[in-house]
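Hints are included, so try docking the two chains, each in its own frame, into the full complex.
So the sequences go chain by chain: A and B.
Using full-length UniProt numbering, read the first sequence as starting at 1 and increasing by one per residue.
Using full-length UniProt numbering, read the second sequence as starting at 1 and increasing by one per residue.
No lab work stands behind these hints, which were simulated from the structure alone.
There could be a bad hint or two in this list.
Claimed, not checked - Partial list, derived from the structure: chain B residues whose beta carbon lies under 10 Å from chain A: (1) 79; (2) 89; (3) 168.
Said to hold, decoys possible - Pulled from the structure, derived: some chain B residues nowhere near chain A, Cβ distances all over 10 Å: (4) 132; (5) 167; (6) 215.
Ideal Cβ placement from N, Cα and C applies to all residues, glycine included.
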Amino acid sequence: MKKLIRNSFALVGAALIASTAPAQADEIDDIIGTGTLRCGVMLDFPPAGFRNSSNEPDGFDVQYCKDMAKALGVEAEVVETPSPERVPALVSKRVDVMIASASNTLERAKTVAFTMPYVVYTNVVITQKDSDIKSFEDLKGRSVGNVVGTTPEQFFLEHFENWDDPNGNYTGFGSDAESYLAVSQGKVEAIIGSSAQAADLIASGNFPNLEIRSEAPFTVDLVSIAVNKNDHSLLRWANLFVWEQQKSGRYAELYKQYFRSDEVPALTIPNTYY
Amino acid sequence: MFGYSFHWRTVWQEIPQLAEGAIVTLQIAVFSMLIGITLAVLLAVARRNEGSIASRLASVWIEVARNTPCLLQIYLAYFGLGALGINISSYAAVLGAIAFNNAGYLAEILRGGFNSISQTQYAAAHSLGMNSFRVYSYVVLPQVFRVTFRPIMNQSMWALLNTSLGMVIGLKELTGATQFAQSRSFRTFEFFLVAAAMYYVIAKIILGLAALVQWRFLKGGR
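The following block holds chain B by itself, in its conformation from the complex (with noise of 0.2 Å):
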């Protein structure tokens, strides 16, 4: 194939590196899957009091995070801050930004979930003395990720995907750190090759976390 011939042991030399880089994205997907979680279910319930300002601003961030593609949130965490004085290090740039679009994302996603319970369960909870915060975390929370278990566990993919765009400011997660090893010996092929094999198996770690979460707290899901 187009006379080139594949030199596999640059790549192992370099395993160390590349290793360390995928850590990092391990790191950001996992954590801005949890912030974005908990970011999303306030602006979720946010949401769901039409016309307070709790509400619009929950809009907003949702419209924000879900219509501007997420290279640019990174940017903006990184230069436009800097732009303002304030210098934040790439790597808390890129787990911010991947974080505030997960949550915009999920906050659609668990929408759909708190659409599928019906009132009458709020109703019935409030009529057992349970105050709001009771009604959801014990009552409409667990069904609600019952039900978006499957999307949500889509976004922490795509959570993890976008962690290569913090290669641009700087940041060497694994995508950074192919790149660097590519462009010293030049056998690009074999680097992107292994980069995408373990980007592949950082995702099926991920989704084996998730089935386990799935099986011990989601029990009886659909």
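Chain A with its partners taken away, still in its complex shape (with noise of 0.2 Å):
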């Protein structure tokens, strides 16, 4: 009986303890308790990312964004990362999310989580209106400039190496800026864009010697959103909401407002699941 109290003390003890140490707080719980959701965006990629004209970042990720922190119901903070620095800000903790129109490849995906496909982007060949380039095929031996790091890069790569022509050669910029300048500039004969981008860019007024030629026959490049690998309430939360953006419709709501397209493509490869 003595024993029977006093192991009972001791159980009511050890829940007392349990009950006071505080519970394992995970991402999101983080997230709402500072209400604030800090998303890396890249604002050099429009119409993704851009900066508008009262200077304020908008765009396809930037939205996103913001649903995604009305979601939780906590204010957005849109922070920029260029390219190169998307994966730092995310390790780092800097931002919590990554919505910067990352390709989810397998290689990429050793190192960081990502969530099912948000938005999908097209490439296309883009060239000087007198350029005899006429369609993706007319690349071989020619050169051809990208911006380093990107997929599109890679994509263009296997081509590249699989043509193996000692007249063509390959360049690739730091950004989009110098790529876009260096075919206006006849540096390179043409590079490989988002159909999108490029859409916008032409549409500027700054490239008036550039047109889009034809598409890039590469694998759909599906891009998702991405946490850091230890975050799996807040992975498993991001991949219920790009399913419920898709859901509710607000997915091609905005995909037609920015991406200026009555056909809204679909987030998946025929034939299979995510």
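Now the structure itself:
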């Protein structure tokens, strides 16, 4: 009996200690606790991220971040992260999520955790108007440029290595600004870029001698939101959020608004689940 | 530390690509210094004839090279000349721009060296029947280089680090190659740490070569 009483005291004591110790707070709790969702977004990649005429961050990715913050009931804070700084910002916890048009490759997924795809890009060949390059296959043996470290670059280099043409050469520039300037000055004969961005930049009138030639025969470039690998609860929540955006029609609405297209692409590959 | 575990294997697989970039970096650093020193001697000597056209041109060169960012100089060499219809490769643009930059800084360094040499030496050398070219090459310059050796080495470190700016115009030097490799795998920290270590080693190689030069040609230096 004595032992039983002693044991029950021990149990109650243990339960008390356990209840006073704080529960393990996860990333979602932290975001809700601080009241802000910090999103890493590229602001040099229209129409996904750019600064509008009043110098405010705007674009598909920026709106997506705001929607996500709203769903969490917190304020959105857009942190500008140029392409190479996206992952360092995420890993060093300067941002909570990365909504930065990052292609969800298996290689990258070893480092960060991707949600299901939230938007899709198609890539096109951009040349000067009087160029004799008519199709993607015409790029064989030509000088082609792109932005270093992008997925279109990796797609293109696969073709480039297969062609193995001694006359062909490839230059990877620091950003889109340089690659567009390079093709408009004729330093390279063509560049590969996202169709939406190309249409935007050519419509801006800054590159009057450029033209979109043809689609690049790459596999669809599905991009995902990324979170830190260990933020399991946030990853699950973000996945559901992406699905919800699709279900509610918000994805289609945003896509039409920013990508100026009536045709909203599917976020799946035929005959497969994500 | 912030829940990031380091994957070094990814980096080892890319070492050949990084090494290729490192060679480009070393080449540009060395060539731009050699060209820079040659031009700097001409600029510094030209500047000593105050009031002449050559002296004014040299002043303009030195002012522009020292008072504008190297990144801008690289942009101008690549896209600026491109706008005029002169297209040079990104390698040539980076090499040219950094040599231009080096020449400006080195000319100022050499000026200090020239000032440290007493006018009587010029007079003495001329009185021995030497022409100006011989006065400079046999009497003045060896002393100038001895005095300015360390600042020159300092500048060569800057030249080495400035090559990393070549990345923006598509040159695959060490930083460009690192950027290419890291964005494929997102193993940012590993790649940049390795690149930093490689820059350090290249800097040490250059300093080692310089120490050899100093030991062989500039004996008795301060």
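The hints, checked one at a time:
| no. | hint | result |
| --- | --- | --- |
| 1 | 79 | 6 Å, holds |
| 2 | 89 | 9 Å, holds |
| 3 | 168 | 3 Å, holds |
| 4 | 132 | 43 Å, holds |
| 5 | 167 | 5 Å, violated |
| 6 | 215 | 40 Å, holds |
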